[in-house]
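Q: Based on the provided sequences and hints, a complete structural model is requested.
Top line first, the protein sequences correspond to chains A and B.
Residue numbers for the first sequence follow this note's numbering, beginning at 1 and rising by one.
Residue numbers for the second sequence follow this note's numbering, beginning at 1 and rising by one.
These are computed hints drawn from the structure, not numbers from a lab.
Yeah, the Cβ is synthetic: ideal placement off N, Cα and C, and Gly gets one too.
Any given hint could turn out to be false.
Stated by the list, open to error - Short derived list, chain A residues pointing at chain B, Cβ under 7 Å:
1. 18
2. 26
3. 41
4. 84
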Amino acid sequence: MSSTIFLANADVRKVARLARLAMSEAEIESARAQLSGIFDLIAEMQAVDTKGIEPMSHAQDLSQRLREDVVTEANQRELFQSIAPQVEAGLYLVPQVIE
Amino acid sequence: MLNSSLQQLGSALRAKKISSVELTQLYLDRIVTLNPALNAFVTTNAETSLAQARAADALLAGGKAQPLTGIPIAQKDIFCAKGWRTTCGSKMLENFTAPYDAHVIEQFNNAGAVNLGKTNMDEFAMGSSNETSHFGAVKNPWDNNAVPGGSSGGAACAVAARLCAAATGTDTGGSIRQPAALCGISGIKPTYGTVSRYGMIAFASSLDQAGPMARSAEDMAQMLNVMTGFDARDSTSLKRDKEDYARDLNIKVSGSKPLAGLRIGLPKEFFAEGLAQDVAGCVNAAIAEYQKLGATLVDISLPNSRLAVPVYYVLAPAEASSNLSRYDGVRFGYRAPEYGDLTEMYEKSRAQGFGAEVKRRIMIGTYVLSHGYYDAYYLQAQKIRRLIAQDFADAFKQCDVIMGPTSPSTAFNLGEKGDDPVQMYLSDIYTIAVNLAGLPGMSIPAGFGSNGRPVGLQIIGNYFAEAQMLNIAHQYQLATDHHDRAPQNIGL
Numbered sequence: 001m002s003s004t005i006f007l008a009n010a011d012v013r014k015v016a017r018l019a020r021l022a023m024s025e026a027e028i029e030s031a032r033a034q035l036s037g038i039f040d041l042i043a044e045m046q047a048v049d050t051k052g053i054e055p056m057s058h059a060q061d062l063s064q065r066l067r068e069d070v071v072t073e074a075n076q077r078e079l080f081q082s083i084a085p086q087v088e089a090g091l092y093l094v095p096q097v098i099e
Numbered sequence: 001m002l003n004s005s006l007q008q009l010g011s012a013l014r015a016k017k018i019s020s021v022e023l024t025q026l027y028l029d030r031i032v033t034l035n036p037a038l039n040a041f042v043t044t045n046a047e048t049s050l051a052q053a054r055a056a057d058a059l060l061a062g063g064k065a066q067p068l069t070g071i072p073i074a075q076k077d078i079f080c081a082k083g084w085r086t087t088c089g090s091k092m093l094e095n096f097t098a099p100y101d102a103h104v105i106e107q108f109n110n111a112g113a114v115n116l117g118k119t120n121m122d123e124f125a126m127g128s129s130n131e132t133s134h135f136g137a138v139k140n141p142w143d144n145n146a147v148p149g150g151s152s153g154g155a156a157c158a159v160a161a162r163l164c165a166a167a168t169g170t171d172t173g174g175s176i177r178q179p180a181a182l183c184g185i186s187g188i189k190p191t192y193g194t195v196s197r198y199g200m201i202a203f204a205s206s207l208d209q210a211g212p213m214a215r216s217a218e219d220m221a222q223m224l225n226v227m228t229g230f231d232a233r234d235s236t237s238l239k240r241d242k243e244d245y246a247r248d249l250n251i252k253v254s255g256s257k258p259l260a261g262l263r264i265g266l267p268k269e270f271f272a273e274g275l276a277q278d279v280a281g282c283v284n285a286a287i288a289e290y291q292k293l294g295a296t297l298v299d300i301s302l303p304n305s306r307l308a309v310p311v312y313y314v315l316a317p318a319e320a321s322s323n324l325s326r327y328d329g330v331r332f333g334y335r336a337p338e339y340g341d342l343t344e345m346y347e348k349s350r351a352q353g354f355g356a357e358v359k360r361r362i363m364i365g366t367y368v369l370s371h372g373y374y375d376a377y378y379l380q381a382q383k384i385r386r387l388i389a390q391d392f393a394d395a396f397k398q399c400d401v402i403m404g405p406t407s408p409s410t411a412f413n414l415g416e417k418g419d420d421p422v423q424m425y426l427s428d429i430y431t432i433a434v435n436l437a438g439l440p441g442m443s444i445p446a447g448f449g450s451n452g453r454p455v456g457l458q459i460i461g462n463y464f465a466e467a468q469m470l471n472i473a474h475q476y477q478l479a480t481d482h483h484d485r486a487p488q489n490i491g492l
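A: Pasting the structure below:
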């Protein structure tokens, strides 16, 4: 079994876009070749009959623990903003989104 | 001092034969001398480490020492430590100073241990050779042409080269056990949920688990005693009574068969094609040693283990693509110097901040989770994950522990597998199934291959069997000396 999904550069381009990764045409071409190899490896798993098997998300199959709805963190805005790329007047700066 | 166990170091500190400041300085000096060649540490901060050492000496003077008080421990650079640069091996976090402590770091701080520095690792723990680190590859101290394994390669190298007393690692698909094997040290990935993931930079959350890397089973037990424990801030942390992981090591057994009654399962899939002959030779010799210690052997099968690698390369990238979406250049981490609109800022920051392997895995994960493909990939992988876990459950009806090789070969050369991700992924063929099942797994030194590079024996236990596994490893280490060997050229 082999995968045909990644044979088109357009597919790689679409995934890169979804993942928010800028890629040049040369990078897309090399990613296509490598991802095709990885999906060939993954294809081995797709032939397995899993009818009636429950998916397993965690080893211990625990139910999600809930906590009290109370404030647990102190306000550390200055500390947290001290490591941000760009801040001003306590706000994170990004390019304008709304005209 | 450099070959002393953690218990011996603790005794020496409590008896005032050495101070924590002296011990910390000893290791810091060794790092200055040896790290330029080995590249095991990415960050040290002598002033901070020595301040912790002075505080430890005060505790020791006041008779308030715990077992690890004053002992210098190297922390994998995946653990946030307040005030310390925490990079996760990535350009994305090259200038990130952690604003808080991981639970593991808190536990070591509470124990009075000294943080000796942050160890190199594959970028975001994605790699099996340490070559994906933004800060350069780590060298294997046994042979500087060889990789140390990964992703906890800096930790394994630091322990083997006696640059720290012991170290922490994390293991998502073998990242503690494989570098432990390749560097000739001991490492254990405990049962999933035993060590809190809080403050441990996330790769694949349903698989990530921290554990100790050290020179012996005894030392690992001391480390686990500090690292484990319930933490409400990790939603998968398990509420269990505190255990003493060293409890079985101290039971005196009379006679030459301390492991009488132990049933060791040997999965035929772990000894099949693909296993290097010299590795097989060492592993078989270790198993023969276990028979001398009283154990009996059981042939078992893990029929779905061949699917572990493909399943892992769906689940881990899927979780990674989600976890790494937080690196957007807004609140912390790298931001591209030039960009137009917001989307371009994201795309350029991520393209420039992540290395090739991380991008590759984000792409795989994004693809398998994208519209129309979820059932065929992610759901199918989760179903097979259950089959893999069931194989182990069936095996543990016939045996107490499972043994086999940790890695199919000894350490490969730097650059040898660099261009072929699939070949690199297959070096974790024996370790990945353990993460998928959430079981504890360990690697201990079992001799040397034909090229003089170390071989690891993998020991897999049932859920929460860490204390038993540590004793099984300890009995072997009492009878053999592989774990006591040290590389040449590390100034001993």
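Q: Are residue 18 of chain A and chain B close enough, Cβ to Cβ, to be under 7 Å, as the hint says?
A: 5 Å, holds
Q: Hold the hint about residue 26 of chain A up to the distance rule: shortest CB distance to chain B must be less than 7 Å.
A: 13 Å, violated
Q: How about residue 41 of chain A: closest beta carbon in chain B under 7 Å, or not?
A: 5 Å, holds
Q: Just to be careful: measuring from the Cβ of residue 84 of chain A to every Cβ in chain B, is the smallest value less than 7 Å?
A: 5 Å, holds
Hint compliance for this structure: hint 2 is the single one not met.
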